[in-house]
Amino acid sequence: MSTVKTIADVEFGGELPSFKPDTSIDATRRFGKYVGWDSPRFTDHEGARKEGLPGAIVPGVMSQGFLGAMIHRWAPDAEIVAIDTIFRAPVLVDQPHSITGVVTDVDEDASTVEIDITVTNEAGETRVFGTATAKLPNG
Amino acid sequence: MILDLHTHSIKSDDGRAKVRNYCQWIRTRGIPIDGFVLTEHRQFDFDSDYSELARKHELVILKGAEVETEYGHVLVFGVTEGLYECFDFTRIGLRLEEVIEHCNAHNAIAAPCHPGRPRVGMSAHLEEHGVPKGVRIVEIHNGGSRADEDAVAAAMAEELGYLGIGGSDSHIVSHIGRCATEFPFPVHTEAELVEALRAEQFRAIPRAS
Chain L
1 MSTVKTIADV EFGGELPSFK PDTSIDATRR FGKYVGWDSP RFTDHEGARK
51 EGLPGAIVPG VMSQGFLGAM IHRWAPDAEI VAIDTIFRAP VLVDQPHSIT
101 GVVTDVDEDA STVEIDITVT NEAGETRVFG TATAKLPNG
Chain Z
1 MILDLHTHSI KSDDGRAKVR NYCQWIRTRG IPIDGFVLTE HRQFDFDSDY
51 SELARKHELV ILKGAEVETE YGHVLVFGVT EGLYECFDFT RIGLRLEEVI
101 EHCNAHNAIA APCHPGRPRV GMSAHLEEHG VPKGVRIVEI HNGGSRADED
151 AVAAAMAEEL GYLGIGGSDS HIVSHIGRCA TEFPFPVHTE AELVEALRAE
201 QFRAIPRAS
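Taken in order, these protein sequences are the chains called L and Z. According to the numbering used here, the first sequence holds residues 1 to 139 in order. According to the numbering used here, the second sequence holds residues 1 to 209 in order.
These are computed hints drawn from the structure, not numbers from a lab. Among the clues, some could well be false.
As the list claims (entries may be wrong) - Listed next, with one range per pair, are the computed distances between beta-carbon atoms:
(1) Z/Arg203 x L/Ser39: 29 to 35 angstroms
(2) Z/Ile92 x L/Gly52: 35 to 41 angstroms
(3) L/Thr3 x Z/Thr189: 43 to 49 angstroms
Said to hold, decoys possible - So these bits of chain Z aren't anywhere near chain L, every CB distance computed over 12 angstroms:
(4) Ile10
(5) Asp14
(6) Lys18
(7) Thr28
(8) Ser51
(9) Glu68
(10) Leu83
(11) Cys86
(12) Asp88
(13) His125
(14) Gly130
(15) Arg136
(16) Gly161
(17) Asp169
(18) Ile172
(19) Pro186
As the list claims (entries may be wrong) - Here are some of the chain L residues that sit facing chain Z, going by a computed Cβ distance under 10 angstroms:
(20) Asp105
(21) Ala110
(22) Ser111
Glycine is no exception: its CB is placed at the ideal position from the N, C-alpha and C atoms.
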């Protein structure tokens, strides 16, 4: 996997290594346990259906964690300044999803990059999108 | 000529794309469109001037709006100051037929977008409100569609005899051009866009699979 070290390594349009997050019910249960937030909507399909959802959903902050991890795998020394996500549809537990990222702005003076991030399901539907701003060391 | 007729920039509350980055992306990635229309939510952006960016990147950058009616969201092309004074673009729950009447009076066009989408699409409201008068064009390919939303839109358009356009509904840079509309002749201004839509010679381009 290719990583970047400094702002000089980044090009407009460069793609981050895509990532398939662990959206299993075990993962959301562990997450709920660690953060003290184990609502059935995240940890139990039947409980989520009783709330009117199609099944258990991945917590939004957990999805944001996946995004942050993807950025740090790509640029281990990056400081994530902001992650701004728009949740268009739930990320359903136990369904495969992919996360992609691509650099859509490079500010060499500020040593920051803007990254488009998209979470899609197997049907190719965008479930979550947004942008992240990361500060990288100067080259 | 191919235009993405439905895009949002940071001027929209949920838009995260800068217009200059859209231009860079289209040229860097070779996105097969000749330009795009910025259809910001519940407003018309009279202030921004993208002519220099358009020249630099040899792209057509036009402006429209996306307003909200009892039938869901509706794209408006050909907005003028006169039209802008006719109704409150910021209001949620505008009357679609009134929007269409005002558009017709000011040589603009209103086209319901993502009509197959639950809640914010036209098809979801037909049972309650009936078929609205005056609709001629709807968006049948939307880059943000999920499940069968585009199929529902296309079926509705066929049943009601509407023409179809396409647009990405992009809110971030990398989603621009996912769907578009092809015209058989050049379109360089908002007025020419209205003329081209009224000529009814266009083709909606779906998202590449």
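*asked:* Of the numbered hints stated earlier in the document, which are not met by this structure?
replied: Those not satisfied are hints 1, 2, 4, 5, 6, 7, 17, 18, 21, 22.
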